[in-house]
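Number of protein chains: 2
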Amino acid sequence: MSRGSDAGDLVRRLLGGERRALSRAISEVENESATGLEALRLLYPHTGRAQSIGITGSAGAGKSTLTAVLAKAFRAEGRTVAVIAVDPSSPFSHGALLGDRIRMQDLTNDPGTFIRSMATRGSAGGLAATAADVAAVFDAAGRDIVIIETVGAGQDEVKIASVAQTTLVLNTPGMGDDIQAIKAGIIEIADVLVVNKADLPGADAVEAQLQALLSLAPAGDWQIPVVKVSATKSNGIQELLDAIATHRAHLQASKPADSARYGQARRQILAAVHAELERRLRIGELDSQLDSLAAGVAERTTDPRSAAVELLQRINGQWVKKGNASEHDVNRGTC
Amino acid sequence: MSRGSDAGDLVRRLLGGERRALSRAISEVENESATGLEALRLLYPHTGRAQSIGITGSAGAGKSTLTAVLAKAFRAEGRTVAVIAVDPSSPFSHGALLGDRIRMQDLTNDPGTFIRSMATRGSAGGLAATAADVAAVFDAAGRDIVIIETVGAGQDEVKIASVAQTTLVLNTPGMGDDIQAIKAGIIEIADVLVVNKADLPGADAVEAQLQALLSLAPAGDWQIPVVKVSATKSNGIQELLDAIATHRAHLQASKPADSARYGQARRQILAAVHAELERRLRIGELDSQLDSLAAGVAERTTDPRSAAVELLQRINGQWVKKGNASEHDVNRGTC
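Residue numbers (the working numbering), protein chains in the order written: chain A, 1 to 335; chain B, 1 to 335.
Next up, chain A with everything else stripped away, as it sits in the complex (with noise of 0.2 Å):
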């Protein structure tokens, strides 16, 4: 079976509902074979129906149990959840630890709920691409809410909650430093500011900061609203879900030429921008013109900028030659 069939039947599958195809879909798409980047082409027209929300915050801070909240809680409307959650790899085996698996456990009984933990291969921008890739294969397959919760708290791993419409930043108090998402410049991605752990002394303080902070934020359309949580004691949960709700109908109403609009889409876009460059450099052909590269900027005959440009050069060379085809699938299998 050619690939462009195999992609087509896989979608069909999915678009019937089936688990099996679900989960295919999911894998291919996550590999970025050429299978799943086809199907994603296929599959895409389908997506636009469900609800994204990510979730991000320093370790420690709550994430996957807010997240294992959360979904509960739109299980009890009635409505169906997916969970992408991105794992840290482990150094050497490069494998997703259990943790927020273990955790989710009581979740993973529910057939409404689908549960896909990622593994972190590769840096965090070709992450945020492929967790956007993943939740658009839930979304086409019917799921009412997606969320992606990341681990992690720097710059570039944030980004992959920010795929989503709507990005909770969550802030605990009693971590030493209160300060930690501002200091790792994670606020600048919030739609909604989370204080968890809520009943810890020391939450009215975190507040007071990063409502002083958001005072100091140019005004936009948007006003980000901090909510005081309780995931553990599933306190101030409503309220959340009401911020949630606010933010997406304030997206819904926004005019087409808004930035609010079509942000998740820009965000997307330069995730996949830098996912498709990092796919073509892991190529063997590439890969070794990289090494003669390194090996001029080793004995100074050229700088590390100039080897850049020759190198995107011959990317685009590589590309002209290839790209011929009218399909973009077509360019992205085989290159």
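Simulated from the structure, these hints should not be mistaken for laboratory data. Incorrect hints may appear among the rest.
What the hints assert, rightly or not - The calculated label-pair distances, taken between Cβ atoms and stated as ranges, are:
1) GLU299/B with SER288/A: 37 to 43 Å
2) ASP221/A with GLU285/B: 22 to 28 Å
3) SER288/A with PRO45/B: 23 to 29 Å
4) PRO45/B with ARG13/A: 57 to 63 Å
By construction, the Cβ of each residue, glycine as well, lies at the ideal position given by its N, Cα and C atoms.
Chain A is already provided as a structure; the job is to place chain B on it using the hints.
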């Protein structure tokens, strides 16, 4: 004065030891201006003498203190030092926080030490390239040692430190989660593992964990050492200096074809590729093209991956149009 001769004059004065030319060159390079990129090309043949050391680890691991202690140790040996401290940006002003500068105050009165704080505008990917560029400027200006200190613990942030020849990854006992560095996946980039705050309880356990991890790693030609230090008490510093020197000797003894020898150059080129791509995406024309593609994705007439491929092609098209000049720098300056 034309851009080319401006850069030429700047590089001449820099090589002549003019401190003001050094400051200006750093600023131009940091801003990725046409003059900066041209200056970088001109000064690169004069680099290769300095020893560069990257220092990274979680927040609170004591990176700045260790940086200051190492800087003073090198100064005591009569070597000149440059420190590039990559500070987190404050979320709204995008200015650098003052913390690290303050901690370095006792070094700043020494003319043999040059400290440069880099604001983290833009992405971590772009920053890695810029930090490497600034290190090259210091190298050409005759600094013996260049220390690149990265604040932040994300997978892409730590790449900033890994553009150095020798990368130290700091771990500390008593951070609540002893394997933070492991979870963040940052041990992969370590040439030397440092257990800082070795006077605190739990240091031996951290050391044992790291050794256990290393025993699982595929055997390479470089045996990663674990060195216990107490930066505040200046304990273990000589052992750390020895480990750094041993790694440098290892790199120099490696055969030209060895990955160790060209590893740094490869990392620098890949960082520069990302920086170059981001630089081009900031350009007005491409930005409006991104807008129309985002509209297409939002309306489901295309998908993010196909839009990314299209955007890359447009970058290429622009490239071909403006890339007829034979000098890369002209190209870089205008597109």
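Against the structure, the hints:
1. GLU299/B with SER288/A: 37 to 43 Å: 41 Å, holds
2. ASP221/A with GLU285/B: 22 to 28 Å: The hint (22 to 28 Å, Cβ to Cβ) holds, given that ASP221/A and GLU285/B are roughly 26 Å apart.
3. SER288/A with PRO45/B: 23 to 29 Å: 25 Å, holds
4. PRO45/B with ARG13/A: 57 to 63 Å: 59 Å, holds
Consistency note: the structure conflicts with none of the earlier hints.
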